[in-house]
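Construct all of the structure, not just a fragment, from the sequences and the given hints.
Number of protein chains: 2
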Amino acid sequence: MGLASETQKTEGWESIKALVGKMRTKVTEFPGKIKKLGQDDPRRIVHSLKVGLAITLVSLFYYFDPLYVGFGSSAMWAVLTVVVVFEFSVGATLGKGLNRGLATFLAGSLGFGAHHLATLPGEKFQPILLGFFVFLLATTVSFIRFFPRMKARYDYGLVIFILTFCLISVSGYRDEEVLELAHKRVSTILIGGFTALFVCIFICPVWAGDDLHNLAANNIEKLANFLEEFGDEYFKESGDRESNKASLQGYKSVLNSKQNEESLVNFARWEPRHGRFRFRHPWKQYQKIGSLTRHCAYRVEALNGYLNSDVKASVETRGKIKEACMKLSSESGKALNELALAVRTMTQPPSECPHIAKSKNAANSLKSLLKTGLCKDIDLQEIVAVATVASLLLDVLSCTEKISESVHELASLARFKGVEDDQVADGEKKLNQKGEVNNKSCSNSIEQPNHHVITID
Amino acid sequence: MGLASETQKTEGWESIKALVGKMRTKVTEFPGKIKKLGQDDPRRIVHSLKVGLAITLVSLFYYFDPLYVGFGSSAMWAVLTVVVVFEFSVGATLGKGLNRGLATFLAGSLGFGAHHLATLPGEKFQPILLGFFVFLLATTVSFIRFFPRMKARYDYGLVIFILTFCLISVSGYRDEEVLELAHKRVSTILIGGFTALFVCIFICPVWAGDDLHNLAANNIEKLANFLEEFGDEYFKESGDRESNKASLQGYKSVLNSKQNEESLVNFARWEPRHGRFRFRHPWKQYQKIGSLTRHCAYRVEALNGYLNSDVKASVETRGKIKEACMKLSSESGKALNELALAVRTMTQPPSECPHIAKSKNAANSLKSLLKTGLCKDIDLQEIVAVATVASLLLDVLSCTEKISESVHELASLARFKGVEDDQVADGEKKLNQKGEVNNKSCSNSIEQPNHHVITID
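Protein sequence lines, in the order shown, are assigned to chains L and B. Just so we're aligned, residue 1 is where the first sequence starts under full-length UniProt numbering, counting upward by one. Just so we're aligned, residue 1 is where the second sequence starts under full-length UniProt numbering, counting upward by one.
Just so you know, these hints were derived from the structure itself, not from any lab. Just so you know, even glycine gets a beta-carbon here, dropped at the ideal spot from N, CA and C. It is possible that some hints are incorrect.
What the hints assert, rightly or not - On the chain L side, residues computed to face chain B include the following (Cβ under 8 angstroms): (1) Arg44; (2) Tyr62; (3) Leu80; (4) Phe147; (5) Lys258; (6) Asn266.
Here is the structure:
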């Protein structure tokens with residue numbers, strides 16, 4: 001018994017020690033994590049400071065007597081609004097602010113009407129009538145929140161609508177000065193909303209539109225980088241692999257980019273014209289490009305499987321289609337990189353992309369290689385792996401063409417600036433410079449691509 | 001000129017007419033949309049009624065004098081809490097409620113401390129000190145919100161933390177009865193939170209855990225359905241296709257299921273034990289299964305491309321590997337269906353799945369078919385398409401095995417009830433019954449799968 005309790009004690013000590021050790025590593029890792037979070041996107045630090053500033057500004061209300069006397073305890077709605085409305089991007093803040101403002105105004109009027117209506121039949125029925133109104137409105141609006149379109153753009157407004165209606169109509173039962181209450185609430189919310197918007201827009205603004213635009217370009221570029229490297233990697237001697245695999249995994253984030261893209265589109269649609277983006281910029285088109293990019297990414301994911309596959313054709317077999325495959329892969333990659341650059345710099349992509357033409361040539365020679373029987377006498381299973389890769393690459397080419405089409409559509413919808421045809425031939429330098437300029441201007445985008453500068457040959 | 005203005009007038013009329021027509025179709029379509037939304041998931045209607053009920057309940061505070069006198073205008077925090085905290089699933093509501101309650105308590109205490117600290121150096125410095133505290137806290141907490149882990153589980157709590165701290169510390173500058181204010185705020189929030197939780201849990205609860213569990217099973221089942229039909233569809237005569245294509249597109253939703261799954265996992269982790277799920281059910285394992293399922297879905301997406309591909313091998317070529325491919329595809333499908341059933345009914349899947357064994361056999365015969373040169377004399381390009389399909393199917397098989405492994409892991413972690421080995425052989429009837437029972441119990445899940453009942457042969 002004594003021994004057992006002794007052992008238990010030691011075990012207890014051990015587990016406490018382990019826990020302390022774990023805590024210690026967590027604590028020591030913490031500053032590193034903070035630093036990484038800030039380095040990954042310095043806008044996060046700026047955003048935090050902006051939130052602090054906006055809240056401090058609006059809480060001045062309480063410190064200065066003349067302001068405080070005007071609004072009394074309603075001033076807290078201003079603080080509340082800033083805390084709740086202030087979001088990372090301008091679009092999100094604007095969307096939330098407009099939702100909150102409009103919903104408060106509408107629900108306030110409706111609540112006042114309901115309050116007035118409920119007083120008509122006499123004091124006895126008032127609570128019952130008010131309860132009925134509240135139940136009816138809360139149920140209806142809660143159901144409306146399930147409509148996908150409403151959910152995407154007006155969800156917050158609908159919540160605030162229920163909230164304000166209840167507060168105004170119900171507290172009106174006590175407070176006879178409903179109108180004054182409603183007026184104060186609306187004006188303090190306006191003050192809070194404007195403070196948040198002012199700080200959000202005029203101090204280092206973060207535009208959701210910019211992020212969306214960069215996301216589209218980055219995603220295309222990630223696929224391009226994979227394809228440009230894939231050929232080398234696949235046809236390398238087995239021993240040399242493994243080394244720079246990490247650079248080939250960049251495309252993985254494209255696979256799950258849908259939700260992020262959707263919310264960015266919703267935010268961007270709230271934003272006014274800014275920078276390179278006109279009012280009514282065709283944000284929806286980015287969703288189309290995004291879905292085609294993901295479609296291509298699924299093929300790339302399958303290709304990636306063959307890099308690590310056990311069934312690997314012999315060097316000899318692979319050698320026969322090596323040239324065509326490498327050409328096809330790298331030219332598709334270059335075409336995509338060019339499209340990414342066109343999106344990034346907002347220049348019209350050349351109507352006849354030389355890289356797509358080249359990869360089509362490679363595709364044709366690959367097809368004819370396959371047709372003439374690249375190797376009739378050897379093990380077919382070996383060919384299968386190679387043939388699959390070839391076939392997937394052909395697939396990728398057709399995806400690339402579709403992406404190219406949709407980027408052209410975007411270019412015409414958003415009136416990208418044109419590049420003179422004769423400039424294309426000898427415009428290498430110019431585009432390089434543009435790429436570099438752009439490289440600087442978007443150096444604080446969330447996902448820093450590996451390289452922006454692509455030479456057009 | 002007159003003619004021109006006439007034309008303009010007519011055009012104006014036309015456009016107004018078109019607009020009215022558009023509005024009319026939207027209005028006439030609206031009831032249908034509402035009906036569909038309710039039919040897709042009747043829990044939505046129940047949820048809306050529950051929200052209405054909870055808000056009406058909590059607004060009773062205002063109607064009854066004894067309750068109102070106790071809390072005064074602080075009673076509005078109860079209404080506010082119900083509106084903001086009440087979510088669709090129990091997990092989400094619990095998470096938000098706990099976040100709100102805990103954050104309010106902590107920030108209230110801290111705010112009171114800050115208020116007390118700021119009074120020490122004298123009245124002149126008080127506003128400056130308070131402003132500094134507010135700025136510091138708001139900035140820090142805003143930055144903490146960027147940590148992915150904090151964002152996933154405590155985002156709402158962090159917002160409420162900033163909010164309450166500002167309200168308490170700042171309004172405390174005016175109101176000497178800070179403690180009373182804090183006390184009232186905390187207790188009204190508790191009342192609101194408990195009302196929301198009570199209605200949410202005890203009236204037709206919606207458990208995020210159930211949804212997550214069904215999502216995992218449904219996703220596996222969708223892939224299974226595709227694979228079971230794929231063979232027939234691919235080896236059909238070209239003319240007969242197109243007909244039942246819709247049934248093959250079910251898997252598409254699996255591709256983008258990641259975000260939904262993640263939020264369900266976060267919600268489910270807040271939930272207490274319920275129904276078939278113990279406390280500390282291994283929810284994280286569902287994420288693992290989900291990611292493997294998506295991995296398989298990417299292969300299925302590539303396979304689907306070959307159903308509509310232009311490059312199609314001749315009937316003769318396809319005929320040679322038809323049997324092995326169909327067997328491989330349908331047996332993989334059956335294996336997945338069995339795994340889905342095991343997850344759904346929470347029974348231990350048989351340790352040696354007969355379908356996986358059968359598909360391994362088919363895979364071997366397919367491989368040897370490819371090895372012995374299924375057709376040395378004909379066009380290789382034709383074979384390529386077929387070979388790719390074969391190769392993708394082999395890939396799918398290895399995905400299936402991985403999914404099977406992770407489901408077994410889940411079964412042992414969550415202690416699924418075992419099926420006696422001798423029952424497996426002749427247990428067809430029993431499992432069928434279980435499947436049917438389950439079919440009823442989860443008949444109101446969001447995504448109704450096509451069929452739950454699978455015979456085990």
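Legend entry - Interface hint for Lys258 of chain L, Cβ within 8 angstroms of any Cβ on chain B: Cβ of Lys258 of chain L sits 5 angstroms from chain B, so the hint holds.
Inset, instruction - Mind checking the CB of Arg44 of chain L against every CB in chain B and telling me if the closest is under 8 angstroms? - result: Nearest chain B Cβ about 5 angstroms off; hint holds.
Legend entry - Per-residue hint verdict: Tyr62 of chain L, partner chain B, C-beta under 8 angstroms: Holds - the Cβ of Tyr62 of chain L comes within 8 angstroms of chain B, reaching about 5 angstroms at its closest.
Inset, instruction - Mind checking the CB of Phe147 of chain L against every CB in chain B and telling me if the closest is under 8 angstroms? - result: Where the cut-off is 8 angstroms and the nearest Cβ of chain B is about 7 angstroms from Phe147 of chain L, the hint holds.
Legend entry - Leu80 of chain L as chain B interface residue, shortest Cβ-Cβ below 8 angstroms: holds, 6 angstroms
Inset, instruction - Hold the hint about Asn266 of chain L up to the distance rule: shortest CB distance to chain B must be less than 8 angstroms. - result: violated, 14 angstroms
In summary, the structure is inconsistent with hint 6 from the numbered list given earlier, while agreeing with all the others.
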